[in-house]
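Peer 1: Sequence:
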Amino acid sequence: MEIGSGGQVGDDEQVFEEEKELVRGLQQRHIQMIALAGTIGTGLFLGSGKALAHAGPVGTLLGYLFTGVLVSGVVLSIAELAALVPLTGSYVRHAEVFFDPALSFAIGWNTVYSSCVSIPAEITAAAVLISFWTTSVSNGVWITIMGLLIVGTNMFFIRVYGELEFTFSILKIMLIVGLILMGLIIDLGGVPGQPRIGFQYWRNPGPFVQYLGIEGSLGRFLGFWTTFSNAAYAYSGIETIASAAAETKSPRRNIPKAAKRIFIRVLLFYVLSVLIVTMIVPSNSKLLITSTSTASESPFVIAANLAGIKVIPHIVNAVVLTSAWSSGNSSMLVSSRTLYGLAREGHAPKFFLRTNRYGIPWVCVAFVSVFITLGYMTLQASASTVFSWFQDLVAAAALVTWITICVIYLRFYYACKRQGIDRSELPWAAPFQPFAAWMGLLGFGLIFLTGGFAVFIHGEWDTEDFFSSYFNIPLFFLFYFGFKFIKKTKIVSLDEMPIRHYIEIANANPEPEEAPLKGWKKINILWT
Numbered sequence: 001m002e003i004g005s006g007g008q009v010g011d012d013e014q015v016f017e018e019e020k021e022l023v024r025g026l027q028q029r030h031i032q033m034i035a036l037a038g039t040i041g042t043g044l045f046l047g048s049g050k051a052l053a054h055a056g057p058v059g060t061l062l063g064y065l066f067t068g069v070l071v072s073g074v075v076l077s078i079a080e081l082a083a084l085v086p087l088t089g090s091y092v093r094h095a096e097v098f099f100d101p102a103l104s105f106a107i108g109w110n111t112v113y114s115s116c117v118s119i120p121a122e123i124t125a126a127a128v129l130i131s132f133w134t135t136s137v138s139n140g141v142w143i144t145i146m147g148l149l150i151v152g153t154n155m156f157f158i159r160v161y162g163e164l165e166f167t168f169s170i171l172k173i174m175l176i177v178g179l180i181l182m183g184l185i186i187d188l189g190g191v192p193g194q195p196r197i198g199f200q201y202w203r204n205p206g207p208f209v210q211y212l213g214i215e216g217s218l219g220r221f222l223g224f225w226t227t228f229s230n231a232a233y234a235y236s237g238i239e240t241i242a243s244a245a246a247e248t249k250s251p252r253r254n255i256p257k258a259a260k261r262i263f264i265r266v267l268l269f270y271v272l273s274v275l276i277v278t279m280i281v282p283s284n285s286k287l288l289i290t291s292t293s294t295a296s297e298s299p300f301v302i303a304a305n306l307a308g309i310k311v312i313p314h315i316v317n318a319v320v321l322t323s324a325w326s327s328g329n330s331s332m333l334v335s336s337r338t339l340y341g342l343a344r345e346g347h348a349p350k351f352f353l354r355t356n357r358y359g360i361p362w363v364c365v366a367f368v369s370v371f372i373t374l375g376y377m378t379l380q381a382s383a384s385t386v387f388s389w390f391q392d393l394v395a396a397a398a399l400v401t402w403i404t405i406c407v408i409y410l411r412f413y414y415a416c417k418r419q420g421i422d423r424s425e426l427p428w429a430a431p432f433q434p435f436a437a438w439m440g441l442l443g444f445g446l447i448f449l450t451g452g453f454a455v456f457i458h459g460e461w462d463t464e465d466f467f468s469s470y471f472n473i474p475l476f477f478l479f480y481f482g483f484k485f486i487k488k489t490k491i492v493s494l495d496e497m498p499i500r501h502y503i504e505i506a507n508a509n510p511e512p513e514e515a516p517l518k519g520w521k522k523i524n525i526l527w528t
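Using UniProt numbering, you'd call the opening residue of the sequence shown number 1 and step up by one each time.
It should be emphasised that the hints constitute simulated quantities derived from the structure, not laboratory data. Treat the hints with care, since some could be wrong.
What the hints assert, rightly or not - As a list, the in silico DSS-like pairs of lysine-lysine whose alpha-carbon atoms are at most 27 angstroms apart:
#, residue 1, residue 2
1, Lys-417, Lys-260
2, Lys-350, Lys-484
3, Lys-257, Lys-350
4, Lys-350, Lys-488
5, Lys-310, Lys-286
6, Lys-487, Lys-350
7, Lys-257, Lys-490
8, Lys-417, Lys-350
With these hints in hand, go ahead and build the complete structure from the sequences.
Peer 2: Structure (structure tokens):
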């Protein structure tokens with residue numbers, strides 16, 4: 001099946017047979033864990049400390065909670081579209097059908113760019129994490145090894161990737177649960193010789209921080225607003241659950257199931273972790289912002305050191321190292337599958353459609369692998385500085401992606417209304433719509449436009465920070481209007497969207513019934 005300009009559908013094979021070159025090797029438990037593994041990484045384990053230092057305990061908690069709610073709405077939106085049209089590239093392909101081929105081109109290449117930057121960011125973080133144990137080996141060696149591991153993982157049968165991410169997710173879940181329990185023990189005075197802390201740090205040094213020394217409500221609000229950049233980086237990649245839709249078994253059932261539980265996981269793993277952090281580490285600790293970017297700047301490690309628990313830094317550093325590998329794997333999956341989807345639509349050269357005997361788009365993986373070399377920038381500049389640049393670039397690109405997903409979904413939603421299609425006719429209808437999509441669009445739009453506000457404060461101008469915060473704006477519009485000018489594309493009208501056609505395809509290709517769970521398998525909220 002081919003989708004032409006204006007969202008028109010050709011007469012080739014049905015949508016669920018379109019991705020025959022790829023292999024459906026990801027099962028339900030893989031998709032659930034990929035959604036988790038692609039988001040839990042250095043952004044949560046390390047970035048929350050920086051947010052606490054800038055915003056204070058209440059500001060940090062509110063920032064991560066608010067961002068998590070908005071992100072959950074984005075995930076619900078993309079899952080509804082993926083359940084109806086499960087294509088590799090997900091929202092990139094949906095943009096052509098439900099908005100404009102130019103938007104598909106722009107967001108597609110924006111996603112490739114974002115993921116290509118995210119990979120060296122995680123590799124750089126991994127190299128610096130290893131330096132926690134030894135500095136006798138050049139970072140270039142660790143960057144090379146980590147890069148080869150990521151490429152190797154993504155060159156084999158997709159199930160190898162799925163099993164690896166499943167294992168990494170289990171490790172990260174165990175770490176988070178362990179750190180939460182440790183935090184509660186420390187906070188409640190369970191460590192011998194240490195007093196009970198409670199919410200003492202919420203009172204002194206206080207619930208908010210006066211950002212850059214700016215007094216009054218303005219300083220506290222600006223400190224709170226800085227958390228959104230850290231939170232965006234921590235949540236980036238959460239849309240991964242739909243990127244490999246064509247390689248997912250029973251996508252109409254498994255992708256929505258993963259999406260519905262994202263909100264619970266956001267509350268459990270992100271918000272609860274941040275809450276514990278705000279209780280056991282004072283926001284004025286000088287250890288929260290260092291130049292090392294190792295586990296020593298993790299707020300959990302700081303709390304453990306303050307309590308005299310010596311082994312925690314090594315455990316955290318080891319698991320965060322696997323988190324960097326896991327996040328790099330997820331970024332490689334997103335970028336390569338998005339590039340494959342662009343090639344399917346004619347928005348990238350056709351040689352990117354080549355797959356190996358495992359059904360892996362190996363040319364796409366090879367192309368993305370070239371950007372791993374950006375990690376070698378750490379050999380010329382401070383590794384923590386380079387990681388900060390990458391982090392800001394990825395956060396900005398993630399915001400653009402989430403905004404675009406909301407725009408695509410809203411167009412789809414109102415097209416259904418225009419065409420008289422009841423939501424009960426869809427394979428899966430997400431709850432809280434269209435309010436969730438509208439909240440995501442307006443909320444992330446505001447965060448994106450104001451994300452680099454600090455550089456406009458008198459005496460705080462930084463060209464590199466300004467570039468990393470706003471580079472995505474001209475890049476995205478260059479992609480969009482450049483393609484629109486060259487190809488003369490038009491925005492698809494609400495009446496022309498082939499929604500009814502996709503519903504008929506879904507009804508003609510029913511998925512097998514899910515077998516009822518028995519015994520211990522009923523306790524499955526984390527992995528099914």
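Peer 1: Which of the listed hints are not met by the structure?
Peer 2: 3, 7, 8
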